[in-house]
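Engineer: Protein chains in written order, with this note's numbering: chain A, 53 to 378; chain B, 53 to 378; chain C, 53 to 378; chain D, 53 to 378.
Hints listed in this document are in silico derivations from the structure and should not be mistaken for laboratory results.
Please note that the accuracy of each hint is not assured.
A pair counts as met if it fits within one copy or between any two copies, since identical chains are not told apart.
[Claimed, not checked] In silico DSSO-like pairs for lysine-lysine, Cα to Cα no more than 27 angstroms straight-line:
#1 Lys188 / Lys242
#2 Lys149 / Lys118
#3 Lys75 / Lys190
#4 Lys57 / Lys184
#5 Lys184 / Lys81
#6 Lys118 / Lys81
There are 4 protein chains.
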Amino acid sequence: MNTIKEPVFDVAQLAHVELLSPKPEETVKFFTDILGMSITATSGQSVYLRAYEENYRNSLKITESKEAGLGHAAWRVISPQALRRRAETVAATGLGKGWIDGDEGHGEAYQFTTPDGHLMELFYDVEYYDAKEDEKSKLINRTTKRPNRGVPVRRLDHINLFTADPGANTDFMIDALGFRLREQIRDNGKIIGSWISVSNLVHEIAFMQEPNRESGKIHHLCYWYGVPQNLYEVSELCRENDIFIEVPPNKHGISQAFCMYVYEPGGNRIELFGDTGYLILDPTWEPVIWEMEDVPGTGDTWIGTAFPESWWVRGTPLSAPKITQS
Amino acid sequence: MNTIKEPVFDVAQLAHVELLSPKPEETVKFFTDILGMSITATSGQSVYLRAYEENYRNSLKITESKEAGLGHAAWRVISPQALRRRAETVAATGLGKGWIDGDEGHGEAYQFTTPDGHLMELFYDVEYYDAKEDEKSKLINRTTKRPNRGVPVRRLDHINLFTADPGANTDFMIDALGFRLREQIRDNGKIIGSWISVSNLVHEIAFMQEPNRESGKIHHLCYWYGVPQNLYEVSELCRENDIFIEVPPNKHGISQAFCMYVYEPGGNRIELFGDTGYLILDPTWEPVIWEMEDVPGTGDTWIGTAFPESWWVRGTPLSAPKITQS
Amino acid sequence: MNTIKEPVFDVAQLAHVELLSPKPEETVKFFTDILGMSITATSGQSVYLRAYEENYRNSLKITESKEAGLGHAAWRVISPQALRRRAETVAATGLGKGWIDGDEGHGEAYQFTTPDGHLMELFYDVEYYDAKEDEKSKLINRTTKRPNRGVPVRRLDHINLFTADPGANTDFMIDALGFRLREQIRDNGKIIGSWISVSNLVHEIAFMQEPNRESGKIHHLCYWYGVPQNLYEVSELCRENDIFIEVPPNKHGISQAFCMYVYEPGGNRIELFGDTGYLILDPTWEPVIWEMEDVPGTGDTWIGTAFPESWWVRGTPLSAPKITQS
Amino acid sequence: MNTIKEPVFDVAQLAHVELLSPKPEETVKFFTDILGMSITATSGQSVYLRAYEENYRNSLKITESKEAGLGHAAWRVISPQALRRRAETVAATGLGKGWIDGDEGHGEAYQFTTPDGHLMELFYDVEYYDAKEDEKSKLINRTTKRPNRGVPVRRLDHINLFTADPGANTDFMIDALGFRLREQIRDNGKIIGSWISVSNLVHEIAFMQEPNRESGKIHHLCYWYGVPQNLYEVSELCRENDIFIEVPPNKHGISQAFCMYVYEPGGNRIELFGDTGYLILDPTWEPVIWEMEDVPGTGDTWIGTAFPESWWVRGTPLSAPKITQS
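With the hints as constraints, model all of the structure from the sequences given.
Structural biologist: Below is the structure:
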């Protein structure tokens, strides 16, 4: 009988992200007042937040730090046994760091780093948000009422990491965790960026080439609206409140998502998605390969003006490299 | 070690649907001129069509018939071995019909019926659409250029079937094929409708109670736009071209999708989706259970006017029942 | 030399409206928290409000009253001499009430009633809103920053009055004040509704037949957004905050404006406009005449479901008639 | 009695524009296939077109010419006597050229040039478009059905002319024709651009500084949609059909209109409006004065990226100046 290698479905979703901020109060205020998120816990130097349609206790942790950047990214798996299986495959790569007891909103987690050094974790046990009676919406598939503050985002969408070697990081996520390659930019064969996913989304994570081959930076974190026009509404609030808009609302070529980019007051780049872009339902999807020369003005934005240079070179932390890989 | 029962990921997507039409030329014209689809093949009394962003050769087969209704619905699986596995579980239920060699655009398929008698098939081998040079878009994740005709849909989204017993059909799809229950309407404990999926969509298929307990009818077929405003644009074309709009653009409560319903000239109800609604990324999603009394004006439409009675009672074929189950 | 009768351009705009409310605090809260307006003055039993792009001190006066309804509607004229001219033509009809010194935000005004008894006034001297430094936007054609509260409306658009005799009221506004007839509904020759304007808008005021031939009621007051999607955003806030939506977002046939209707907590019907509809630039515009039988499902809404009966029969005050004209 | 100088209301609207094209067939194809307009007449080297909601026979004349540019712009006045009055005031400036018998779609017209040399005309007698039965829409305030071709524009909106001296041209239009100043850009007191109107629109015409002080060029012609999202739809068609997008969809600061700019195949810049921007209903509107240094990134686009240099320097004809004024 004809057979093919089947995908691994153990990792289900990007569940939460920790951002570092040198101005934590202002960063939190951006997420609550402009993006309409709510604080669900504070602990030590960290504040935890959720969007109104998210069913877990939190999707974002803001931690005070000398510099902006990524704290960690966390993936939820489909079962306790899937957690053991993935911990084993990660451990086998030598990039495992070991188990922690958990954090606000989730139980035991297996920590590891990417080849580039970004801290990540896998977990299964999660706490659902327990809405108070007066927070509940008559729209019962919505965890809490839509807030009347800012232009409220609905859920965490994805992260994009700058790395010294996008190809190596892509391979690690595919081999150890079961990600599938969806779109990729190449320049004379060299991998410049990869968009990979474990779901029908084009990506939960992308890796892009840091131009100086620096490691450990985050390019951006993205929250999702689902309504393209919402990007214009939140843009209004950004202009009125002096939040810098790096890329105004437009449609990506890669992923086809309706998007925009701002810098939160702590310095991290935040993307906002106005729709889902296209979804990948085909189980044998052939990756879409872009030549770098075709990306500006088409791959970055299908209907727009080629992205500014800052978008290609600026990650956080802004300062010197941590580890340069060879 | 703590374990849970893991989901089955064998079925990947709703790949194509066959609709029956007593006015096949007018039905095809609706899909090409109003919804911007293209004819990719004709064979016997059937015409095959695809939407411009679909990568397979076709997603819709229109077959001439005395009455409107469903021909069959086809599911693509993730691998040849998944095809064997699912054929076995279906055969074990006694609802299997056996193998066919294939059809325009796909290879061998295993046919079966639902408990209600709706014809379905499973297949793996698929033909990708081979775009001519002048059809190709510079947006390389789009199979062919966006047509300048109608308001062009982007891909097949889901089907909704009327059944004599929604609960039994839901159980069959979950048990034999690995679907997961996402939302459900109950009336004093009786299941009135189920929204189930194998992907991050809230549903690729729904089963709703046919009010006279008739079997084998289709409630609607849905294509996806991804831009809410597109529903207003296609509504304009429908009004100008005398296509009946049963439910104007609005937002569903169940699934939260931005939607509308029209009748194609052959009589089948067609839904159009302006966005994806919410996506389910949580691998242990707890089904959302609606009480029937809360559905009109909230579950059918969150921001709108309760759906008309026709929406609850009219399926195709319009005529008498085929099989009434006890 | 060929000549025609030239229009009169003395009346420029609907400048403000006074609404009566039996629940003034809740009514004000609706306009501030849901529609994002600001309080600019309070005086006696009245509160004055403005929208963020309005350049006058106020466009809305909410006055406590036993019943909901219209206090008065005020028109700004182009010059002091235009004020005298129109006061004279109105006085000549016998409907003039005389001069008042002014009110919060404007100077002397000439008061009168329509044939139906609705109180109106004409004025020229107006106070512009004096924005504080920190309220000013970098978008200098916007009087104050877009607020981060509710889905903020941009300006007053129009009023619609229920009358015992739409034809007589239409004639009065045309003859005495220079309005032009834009669209009209007739039923076997009888005038059921008129949409009239002094600007490029299809209407600043409409008169519709009160079904019991009662006088003095208001059908609705309308504020303008300019972005169709905003109606969906404000609908979300209305559903979450138990504001009744009588007609969900859709496109009017008459005027082609994207619209919706809600009841403010005091009971008055409020319309929200998502765009301007079409504008009339043709100086010799031929009025568009609808037959009543064509209105439901086309004239009321071009893409939607015919308006509910309440829309045709309910005005405020809800109680018994004041004056029934013969 | 206190009095003020009253405005002149003789000129009502921009009624049609003649564009010159070195590639007339391709230019016409752009307006018919991408913008959905219809050809209503051909005469000599000219083709006449209208948009589906326009009630006159045409709003655009495309004339074959060696170079792209403006043929003429035509204004409709409110009455025959207004035509005489304005012809007199124009003649008194020395810029009158005299009467012509008319053209396709209108009667006698008075021709003149602006100080910069742009050809214009005033007329009153107009031919309304006589729709055939099967062209008529059930939406009776729409002259003809919405076409199923391109993303159809609804009506002509405005023109923007490059001039050697924006101040002088602004003064001429105000003094001779009754335009009102709405917004203006100044650079150390020098007038860089003026937006002026005779209606509630922010402008039917703008004059901007040609950077080399050349005369007679057109900056752009604008058609109106009324739905912001339509700009994204037409952008898709432009990208798929190789129409150059100079400025992607975004929101102007000046006028607040949602806009985009493309080059039609003949070389003229075409703007598309997705809404009306704000309307000016205040009869004593105080002009909004921008300092040039605040315009890039705020006045050109409120939510976007500062316009490219080409937008500030490129007009048609592209070639050498015709008349340089001192």
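Engineer: Now tell me if each hint is right for this structure.
Structural biologist: Status of each hint after checking the structure:
For the identical chains of this complex, Lys188 and Lys242 are inter-copy neighbours only, at 25 angstroms across copies versus 50 angstroms inside a copy, given an alpha-carbon limit of 27 angstroms. Taking identical chains as interchangeable, the C-alpha atoms of Lys149 and Lys118 lie at most 27 angstroms apart only when both belong to the same chain, with a minimum of 24 angstroms there against 66 angstroms between chains. Within a single copy, Lys75 and Lys190 get their C-alpha atoms only as close as 37 angstroms, which misses the 27 angstroms cut-off; across copies the closest is 25 angstroms, which meets it. Taking CA atoms no more than 27 angstroms apart as the test, Lys57 paired with Lys184 passes in neither setting, with 47 angstroms inside one copy and 31 angstroms between copies.
When the C-alpha separation of Lys184 and Lys81 is checked against a cutoff of 27 angstroms, the pair qualifies both within a copy, at 23 angstroms, and between copies, at 23 angstroms. For the identical chains of this complex, Lys118 and Lys81 are intra-copy neighbours only, at 18 angstroms inside a copy versus 43 angstroms across copies, given an alpha-carbon limit of 27 angstroms.
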